[in-house]
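Asker: When you get a sec, could you build the whole thing from the sequences and use the hints?
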Amino acid sequence: MIFSVFKKELKDTLRDKRTLRTMLLIPLLAFPLIMTVSSRITAHFEAEEAEETIKIGLVKSGNKELNNKISGAPKMMGDKKLIYFDDSTSLMKAVQLDSIDFGVCSANGFEQALREQRPAITRVFYKATSLNAEQRAAGFLDAVNQQYKDQRYRELRLSKEKLEPLKITYQNIASNKEMLGKLAGGILPYIFIAFGFVGCMYPAIDLFTGEKERKTIETLLTSPVQRWKLLVGKMGVIVLSGLTAATCSLIGLYFSIQFIDTAKNQEIMQIVNGILSPGFIIMMYALLIPLTIFFAGVMIPITIRAKTFKEAQSIITPLNFVLVLPAMVGFIPGVELNWMTACIPVINVVLSTKELIAGTLEPGLLIISFAVMTMLAAAAVLLSHKQFDRETNILE
Amino acid sequence: MIQALNLVKEFELTRQQRKELNTTDKLVRAVDDISFTCEPGKVYSLLGPNGAGKTTTLRMLATIFKPTSGSILINGIDALKYPQEAKAEIGFLTGNTGLYARLTPDELINYFADLYGVEKQTREQRKEKLFDLFNMHEFKHKRIGKLSTGMTQKVSICRTMIHDPQVIIFDEPTSGLDVIASENIINLVNNSKKEGKTIIFSSHIMSEVDLLCDHLGIVHKGKLLFDGTMETFKSEMQAPNLTAEFIRIIQSTHQLNAQ
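Here the protein sequences come in this chain order: C and D. Using the working numbering, you'd call the opening residue of the first sequence number 1 and step up by one each time. Using the working numbering, you'd call the opening residue of the second sequence number 1 and step up by one each time.
Each hint should be verified, as a subset may be incorrect.
To be verified - Heads up, simulated BS3-like pairs for lysine-lysine below, C-alpha to C-alpha not over 25 Å straight-line:
(1) Lys7/C with Lys66/D
(2) Lys127/D with Lys215/C
(3) Lys7/C with Lys120/D
(4) Lys146/D with Lys310/C
(5) Lys42/D with Lys215/C
(6) Lys307/C with Lys26/D
(7) Lys11/C with Lys146/D
(8) Lys26/D with Lys66/D
(9) Lys81/D with Lys11/C
(10) Lys229/C with Lys120/D
(11) Lys215/C with Lys81/C
(12) Lys17/C with Lys127/D
(13) Lys386/C with Lys120/D
(14) Lys129/D with Lys17/C
(15) Lys162/C with Lys177/C
(16) Lys142/D with Lys386/C
(17) Lys66/D with Lys11/C
(18) Lys127/C with Lys229/C
(19) Lys307/C with Lys19/D
(20) Lys66/D with Lys229/C
(21) Lys310/C with Lys11/C
(22) Lys146/D with Lys215/C
(23) Lys7/C with Lys127/D
(24) Lys307/C with Lys66/D
(25) Lys142/D with Lys215/C
(26) Lys160/C with Lys177/C
(27) Lys11/C with Lys142/D
(28) Lys146/D with Lys17/C
(29) Lys129/D with Lys229/C
(30) Lys7/C with Lys140/D
(31) Lys386/C with Lys66/D
(32) Lys7/C with Lys146/D
(33) Lys197/D with Lys129/D
(34) Lys120/D with Lys11/C
Hints are computed from structural coordinates only; laboratory data are not their basis.
Answerer: If you want it as structure tokens, here you go:
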């Protein structure tokens, strides 16, 4: 009987254009579109930046040597155009008006400080609101500073090597897989949770509030099928819809990395292909199925109580933020899966998936995460059943 | 057969409802100690103004609502103890229920046949018979959402009858229907009566009641004011016609309550 209800609700859901959009189309196309657009925009800006000539302002009466060194900065720093100003006030004004990218001015006593081999104060004017202005100025001035340093080493007859007692080399021994898991692993559960939630939302509203709105619920309740069976059949479709939406979003992401020219990354692809083993997929779904059941279980009581589609939507949409926000924990560096975080719903799924991708997941913590989510999902199902069993909620 | 004994249904009022009704009572009694019997091959009509308690009574018979107290027997089955078994005996049709607009009539009938546990072969035979009877073959594979009101009503009737129920409950089945669509319902009631089924229907249209019913129950404010045969009702009439008599009974209750 549950299967009959499931089959009918699935057919009904698959004929609803709104649900199809949120379950299949948007998740499937979201990443290819985002990646294509963002990579094109990035490429466009990079090309524009490479072609751009940086305008550097200098003070005519400033230190000539400093001005010459800036003028002679290596070409690799990018094309530059030097603009000379009478004083530092007009230089600052030009920065303010965005007519130059940044301005360099030697402070009083600059030459004397150099002669006495003390640090010579060099002022750089820039606007923090101008993109990368500080970094680009730092690039030029680091090159100039290095020239002065080399000059001093020669004057002081010092060996550069002697002034560097330690030659530190950093060697990363983490595997690429581990690196991807720890650095980018947070995105996978986040995607799954965000799309899983939205995937559950419309079918949940349609199958419960929709039945009330369309006045089909009364007929259904006169059939000799126990209410829990109706609930399970309907819930099955909601969970499947959530999982489908999440899976579609991942398929979209996979194909974006694999096939879209501008987003293609063979190195990441090799690691991803290495991660995608049957065992990994089983373990990931072992975590995500109870999570999706939990989502459905939280939404169903709301959709049962709501009188209209709009009312249900207005309650569930803010709930999205409450449940999906913890998923962002996966992006915070230093938050690791341990005995405590394994007991926190949603966060445990995010962190477990991260560890799973990195290949560092402890089985004990996986079991705890799974058990916590299963218990929570069971509680949500019981709550749904209680609400669905209340005659006043169903018909009013 | 339907046997309802001392049926009472109370609903809890929400704070909002208490405010709207200007009352401090936490409970409202929608049905107040109603007893009646509907016999096979007879049509029992539950007549009453809007808000009288007709729908609540019928929903209790259909086991959608659980009575606060009292008992219901559907073909001898205790509907409170064995609601699923009782439901299997019932066909429930109301004038304001919707149908799944994204399904076709054929798919909808199959779904309800599955819910009632009707075997595939029997289902196909009954479906064929019903589709012939109501001339539904032309639109059986069209989405219900694209059908006219009359066509939808035919689908509703098929849905009600697909499991060949022995007890049929109609809750204001003709409300909102035109004369031709109402005729389908009237034919269904008459045919079911001939087949020896137990029929109960609620209405506030006296002419419809006069046309169909053998036994009459007049409900007002949750109480059964009259329970007897149509002949008895007619013979005891003090007003010139059925509608006037119905209004007289309701108004005399108001006067009694006022005193």
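Asker: All the hints need checking, so say for each whether the structure fits it.
Answerer: Against the structure, the hints:
no.	hint	result
1	Lys7/C with Lys66/D	violated, 29 Å
2	Lys127/D with Lys215/C	holds, 24 Å
3	Lys7/C with Lys120/D	holds, 16 Å
4	Lys146/D with Lys310/C	holds, 24 Å
5	Lys42/D with Lys215/C	violated, 29 Å
6	Lys307/C with Lys26/D	holds, 22 Å
7	Lys11/C with Lys146/D	holds, 17 Å
8	Lys26/D with Lys66/D	holds, 18 Å
9	Lys81/D with Lys11/C	violated, 34 Å
10	Lys229/C with Lys120/D	holds, 21 Å
11	Lys215/C with Lys81/C	violated, 74 Å
12	Lys17/C with Lys127/D	violated, 30 Å
13	Lys386/C with Lys120/D	violated, 33 Å
14	Lys129/D with Lys17/C	violated, 34 Å
15	Lys162/C with Lys177/C	violated, 39 Å
16	Lys142/D with Lys386/C	violated, 37 Å
17	Lys66/D with Lys11/C	violated, 32 Å
18	Lys127/C with Lys229/C	violated, 65 Å
19	Lys307/C with Lys19/D	holds, 19 Å
20	Lys66/D with Lys229/C	holds, 19 Å
21	Lys310/C with Lys11/C	holds, 23 Å
22	Lys146/D with Lys215/C	holds, 17 Å
23	Lys7/C with Lys127/D	holds, 20 Å
24	Lys307/C with Lys66/D	holds, 22 Å
25	Lys142/D with Lys215/C	holds, 20 Å
26	Lys160/C with Lys177/C	violated, 39 Å
27	Lys11/C with Lys142/D	holds, 15 Å
28	Lys146/D with Lys17/C	holds, 16 Å
29	Lys129/D with Lys229/C	violated, 30 Å
30	Lys7/C with Lys140/D	holds, 19 Å
31	Lys386/C with Lys66/D	holds, 15 Å
32	Lys7/C with Lys146/D	holds, 22 Å
33	Lys197/D with Lys129/D	holds, 18 Å
34	Lys120/D with Lys11/C	holds, 19 Å
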